[in-house]
Amino acid sequence: MAVRHKSVETKYMEERGAALRGLRQLDRRTFMKVLAATAGAVMAKGLVPPHTFQLVNVANAAVDKSWSTAGASGTPPFMFAYLSDTHMYVRAKNQRFVKGAVKAVEDVNALDPQPDFVLFGGDLAQLGRPEELEQGQEILAMLKAPVKMMVGEHDWFYDLGDKWQQLFGPPNYSFDWKGVHVIVLMSVHEKDFWTARKLTPAERIQIVAGLDNPIQSRFEVGDEERDWLKNDLAKVPTTTPLLIFSHSPLYKYYRNWNFWTEDAEQVQALLRSYPNVTVIHGHTHQVLFNQIGNISFYGMLSTAWPWPYAPQGLPPLTVQMNRADPYDQLDGLGYGQLNVNKEGLPDMLYNLWDRNPVTIHSEYLRSHGKIYRPPAPQFASY
Amino acid sequence: MISKAAFLLTVPSLLAAAAFAALAIPSRAQQQQPTHNLPTAAHGGTIVMLCDGKTGIEVKDLKPGQTMSRAEAQSVADALMAKWQHAHPNEHWQMAQASPAAEASPAASASRGAIAPSHAAPSSSQTQSAANAPAAAPSLTVQQGDTYASFQPRDYKVWKAETDKFVADGKRIFHDDKALGSTIGVSCDMCHPDAANTHPETYPKYQVQLQKVALLRDMIDWCVENPVKGKALDPNDPKLRALEAYIYAQRKGVPLDYGKH
Amino acid sequence: MMPTLRIPVLASVAAALVLLCAAALAAAQEQNPLAAPKSHIQVGFPAELYSWVIPPDNPQSPAKVALGRKLFFDDSLSADGTVSCDQCHSPTKGFTDQLPTSMGIHKAFGQRNAPTVLNALFNTLQFWDGRAPTLERQTEGPILNPVEMGNKNLEDVVAKVKSIAEYQQPFQQVFDGLITLVNIEKAIAAYERTQIAFDTPFDHFMAGDQNAISAQAKHGWDLFNGQGRCMTCHGWNPTQPLFTDNRFHNIGVSAHKSDFVPLARKALALIQQGGGGMQQLDQLAIQTDMSGLGRFLVTKQPHDIGAFRTMGLRNLLVTEPYFHDGSQQTLWDVIDHYNKGGVQNPYLDGGLLPLGLSESDEDDLVAFLATLTSPEYADAAKEELDHQQTRAKTDRPQRDTAAAFGKTGLGPGFKGPFGDIGPAQNQENPALLGGD
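Chains as they are written, first to last, in my numbering: chain L, 1 to 382; chain S, 1001 to 1261; chain W, 2001 to 2436.
In silico DSSO-like links for lysine-lysine, alpha-carbon gap of 27 Å or less:
| no. | chain 1 | residue 1 | chain 2 | residue 2 |
| --- | --- | --- | --- | --- |
| 1 | L | 198 | S | 1178 |
| 2 | L | 93 | S | 1178 |
| 3 | S | 1231 | L | 93 |
| 4 | W | 2218 | W | 2382 |
| 5 | L | 178 | L | 230 |
| 6 | L | 198 | S | 1165 |
The hints are simulated quantities; they were obtained by calculation from the structure and are not laboratory data.
Whole structure, please, built from the sequences with the hints as guidance.
Below, the structure is given as structure tokens:
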């Protein structure tokens, strides 16, 4: 096919792409300068650069403004964003998932004000290959805000975490942020199903990548890491709000798809003495929330594809999102913002592409659904 | 490929299909479809047989390629059934029920009784599905004889094994981006684990994005072509048939609800 | 408030001429056969749908339609007596003005392309952004808009109609003499509901006449259903044969001209101050650069930024130019736009993908679209098609072959059309399997 015609947009994209390809050689400050320069060139041509913006103030206006009046440093409120489940193959194989991730990165970069940090919720890669993870790191490096990484099973089970840890460090860690204690867990340990079967790494990840593949075992945090968690919490007063990140939901939703953590009850028990605990998890690719005792749970959206709701076990407090339109490659996908209030409890804002955003007020869960009920779906899953 | 003689289905509810016996065109039939050997037509007409492979009559006036009227076909069907019953005086045949309402009507029962006195034959045993194979060998309380009364437990096992293989093949393809012909590493299970959210029981239904009524296979093909980025499969492609089988199998027990959204 | 003008000079001159002649022409236009109520005896007429869309509180009647027709062509409805409805919705131009954006009183131009009245009765919402719920309420927009008919308020219009002697009798007959805004709106809407346009070669083809359209057009119809992905939004079926989903999509038309986010913030602030009533929305849409925000002005939802209503495709060879701002001159330009996956912007609809249509595919699609012409416009459409064809041979501003074939942007920061190239090619079209 003779390439005879190029539109102005294409020319702009090419220039921009060329600038971005030099990304890895640049530190962040220089990188931002390059970006600005490209945008400037475009403005000179009378084109509007395709920056992504989110009218945060619009989406939030009806619910809660406490977070936006930023507290003094050292206390809530604050806002952070998440991206999750990008499931990227290398872009030569599949551009769609790469573009989903890039779109989310640009959306988050356009947030005003910027989030304090961006949590990446796991499953950066689809098949855990080193080149997939490197490409993922390259794309996440475009985020303006600091990034906190979490691992998912798709990232881990090709080389059992070697490459991921080399790129991003230990898979479980904690830090304190404006009065909230934040813990990132590696919750997708699996029992060894591969040695006895003499599986290659490629075969192993293929099995793990199949959500409904029963050969793999159920996810767990595991004894070792639960001990680590216990020790970590020993230093944290029970008055401190906790924010826990895990890839799998830290409760039991649907076993067959590993919407599940085998030792969830034991982990929950360690958190019981803290009145304000929020768990943010990936893996489920859907609008999903739950309340168990003192713990509020929120599932993150994917940028690659939405999962259907499981046939059983959906938490009764969850108000389903509408079924996704298969004809719209953005539908059912997106990213999120969490606006942490003075009590250290986040309101979850699901920024769904091509849909109205959905806000889940922390008090909706804490009141067990008595107030702030989100709108019902027109076309629920069945 | 119009066969010279067509077979009558003996499933009672399909008796009316006899009217179309001479027209039955097994188009797109599977190549390995078994056939009965037919006797030669002695008078240059067309042999019409029951599916027992034994009972047949020749319709003398019907040359190959000709068709019968509905009334003629019905009379042929009646003659065949009469012949079968004559040859099997001890067999009981439960006639087709036009509708549940007719069942409740004494007059209708009486007329059916006139054709084949019913002794409350367990009609369910005639349509026994593979999955519901009887555990024990047939006993004297169950009808014995030809066709549906002659199947043994092993037959049920064969049926089930064959059906399960068909479904298993569908499951394999469903989970295999290469078998689906995906150019971008996408397979069905990535969005539909355990074939969830495929709701095969709701087809045919108006598919908003196609702006027309679709069958399940239309949507499978759409998915293969669009998100999966493969080539749409021919309706008779064994892969498409297997995918359809797997998806239906995953929804066993769910009531049909065509047109649901 | 001075709108930003991007009207070609020639078009402005033409429009000015139209204005000068408007008054004289209006009366003649009213008697034009093309202005007459249409028969329902047309191949493809959706009788069921028709029965669902006539509002129970405004049933059709010949007297009401006649009154509405009179009002539709009456210049008195404008502030200075120079502009009637048909200035922008002229029967001879497919009930549009064939201008990029419309001109109202004092030769002022708005920001939006005049949508056709033909089959507008079937729209679920009116205007490009759906800001009016019914044809009745739609009339208020132009009547009050300062760059359309320019009235200060609706009472003035009612008073003016009351003062005209020849309206007394028909209002007496239809509305028991009550000359009110609601009744004026009802009458005009009733007349508009007579503008039904089917009976096209395509309708005859779908009714079984294999010779009604050419082989080229038939191939275009296949592409329309398959590789072109047109059917998803421009849906056709016998019950609703309108080629629209009546929904709103950002396809990137205004992305060039509009810096969406500052505009959206500005619009929200203004709407907060002004209350966001229909008149305010109308002015934002017609008179300001916020016009490009489209549906967002109505819903205030970010995903509706830059989204406009899917227009039906019937008689589109007499309703040129195309898109909400009339920015595209030919059907080839329109298809080029879609072929490259629309114009990138953060709110681009996720259904838009590069389509990989070849030049001859595009020609075939146009050939198909040309079959959507009702008999009364056949000659005009033929002339326009020839004109567009000539123009398309040399002038294709929207064409981008590389983007259309998904060959651009493999860089890490690439944010080209979302997803992969549209349906794999050379397939039997799944949309044509089953359901027939």
